[in-house]
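Residue numbers (the working numbering), protein chains in the order written: chain A, 40 to 310; chain B, 40 to 310.
It should be emphasised that the hints constitute simulated quantities derived from the structure, not laboratory data.
Values in this document were obtained by computation on a predicted structure and should not be read as measured data.
The reader is advised that the hints may include incorrect statements.
Any copy will do: because identical chains look the same in the list, a pair fits if it lies in one copy or spans two.
As the list claims (entries may be wrong) - Computed cross-link-like contacts, SDA-like style, restricted to lysine to any residue with a CA-CA straight-line distance of at most 20 angstroms:
no.	residue 1	residue 2
1	Lys-101	Pro-90
2	Lys-101	Leu-275
3	Lys-146	Arg-161
4	Lys-261	Tyr-245
5	Lys-260	Gly-164
6	Lys-261	Leu-120
7	Lys-146	Glu-279
8	Lys-146	Pro-233
9	Lys-146	Glu-227
10	Lys-146	Phe-225
11	Lys-146	Glu-281
12	Lys-297	Ser-123
13	Lys-297	Arg-226
14	Lys-298	Asn-117
2 protein chains.
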Amino acid sequence: MTGSGTDRTRPAVEGPAPVVILIEPQLAENIGMCARAMANFGLSEMRLVAPRDGWPSGGGLKKGATAAASGATHILANARLFASAAEAIADLNHVLATTARERGQMKRVMTPAEAMPGLAERIGGGERVGILFGRERIGLTNEEISLADAILTFPVNPAFASLNLAQAVLLAGYEWFSTTGGQPPFRETTLSPPARRETILSMFTYLEAELDICGFFPPGKKPVMTANLRDILHRLAMTEQEARTLRGVFKSLVEGPKKARLAARREEAGD
Amino acid sequence: MTGSGTDRTRPAVEGPAPVVILIEPQLAENIGMCARAMANFGLSEMRLVAPRDGWPSGGGLKKGATAAASGATHILANARLFASAAEAIADLNHVLATTARERGQMKRVMTPAEAMPGLAERIGGGERVGILFGRERIGLTNEEISLADAILTFPVNPAFASLNLAQAVLLAGYEWFSTTGGQPPFRETTLSPPARRETILSMFTYLEAELDICGFFPPGKKPVMTANLRDILHRLAMTEQEARTLRGVFKSLVEGPKKARLAARREEAGD
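Looking at chain A on its own, in the form it has when it is part of the complex (with noise of 0.2 angstroms):
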């Protein structure tokens, strides 16, 4: 969509992070675009629970999961297969459970902007922590939510709240990131510092003349137009070079008709 702007150059975000546990993921695909999500935002361990279609033993990688990973395989490559929930989290501290539904459970209910700050206390405080992720049409069974310290669900509109798999772990991946400082990949470009004021009061003065000149400003409006004028110019909060750059602008404007009709002058002379 924005063009790639994976810069292969600059370091993996790794790091302590949430583990990811997809609960019987019917479709290799949407395993693949999960460990893509997760590549996205600095997620890397996958843990995966009695995938429909099976799992290359002892970690490894799958035809349809690799191609919709779009380069994440090395998550794919390390992802550990489960036979139930259960053994899944067995070595985890503290786990999350994800529902679109309510299930009458007892369980603190939180968003990811919600529960990410606390997920990454725990993870600094050097607790494991993983989220289960359900079944793509069914969700997570009750027993298996039973099994988490506290329930993640997504702020949607209720009329139209299906997301699939990969979206969900994409928002919870995205939260951890932006809860743990992640940055975008880039800032304001600041080729040229902000203005000094004397360069934009010279630039009005220059433009004010030049107005004058044309009879731009009709008998006695000349003080409110300057200043309604000037009121629109500070506007822009210019930086050095774009208060020369319009300065250079409004030069040509005048220069450009006197050297034409010079120039138009010498040909007619036959200069």
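Since chain A is already given, all that's left is putting chain B on it; use the hints.
Same frame as chain A, now just chain B:
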């Protein structure tokens, strides 16, 4: 993943929101997935600039797009078709352009979380706002970006920055929805109010008395062990119902064996 959770009885989130403008999307399926992501977060107006495989004139439905939209067909049916980015934004007041790469343009660069409060304010003030999303592989041209007021970019792992089109739309929609007060589909189940202190104290008293009878406390240790036990149980921050349930659990452990012994004796006696 999380079961659908869609509740068609709840009103759709509607209202003025940013327009999503897709520039030369290559795959109808991606257009459908964008529509789905928009519906998830209450965005409803889609504009298409020269989709590679065409689009039914006068709005309408297109096969691959409809399947991928998972029911968000109203968005596809109302999508408007334009020949260029400039035409697609002509009636808007404020435009953001998404890109994952720095373009050397002197524009403000914002993440979705930074951008959405400003967009919400503009929209609240009656402005029409749009977000440009580029082609799947190569994004927006520099010329298209120069049409925008500011740049929208996503905080992603710099070593794996490639988001697909629908994921970019999803993240923008997610932040829009969160910023404008979007709520998760449900909150904690509160079947019972928090426990009254007397319920908890009465449970403690019962438990400690029974443990005393069982010889649980070594000589002289009762005060310390009782305090520890109360600390553990206080941490549960129980509801009234939970405190009663837990008392029932203790009682059953105490009385169950007695009842079982009585029943066994009766059976022996041939009752």
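| field | Violated constraints from the hint list, given by number and in increasing order | value | Hints 2, 5, 6, 12, 13, 14 contradicted; others consistent.
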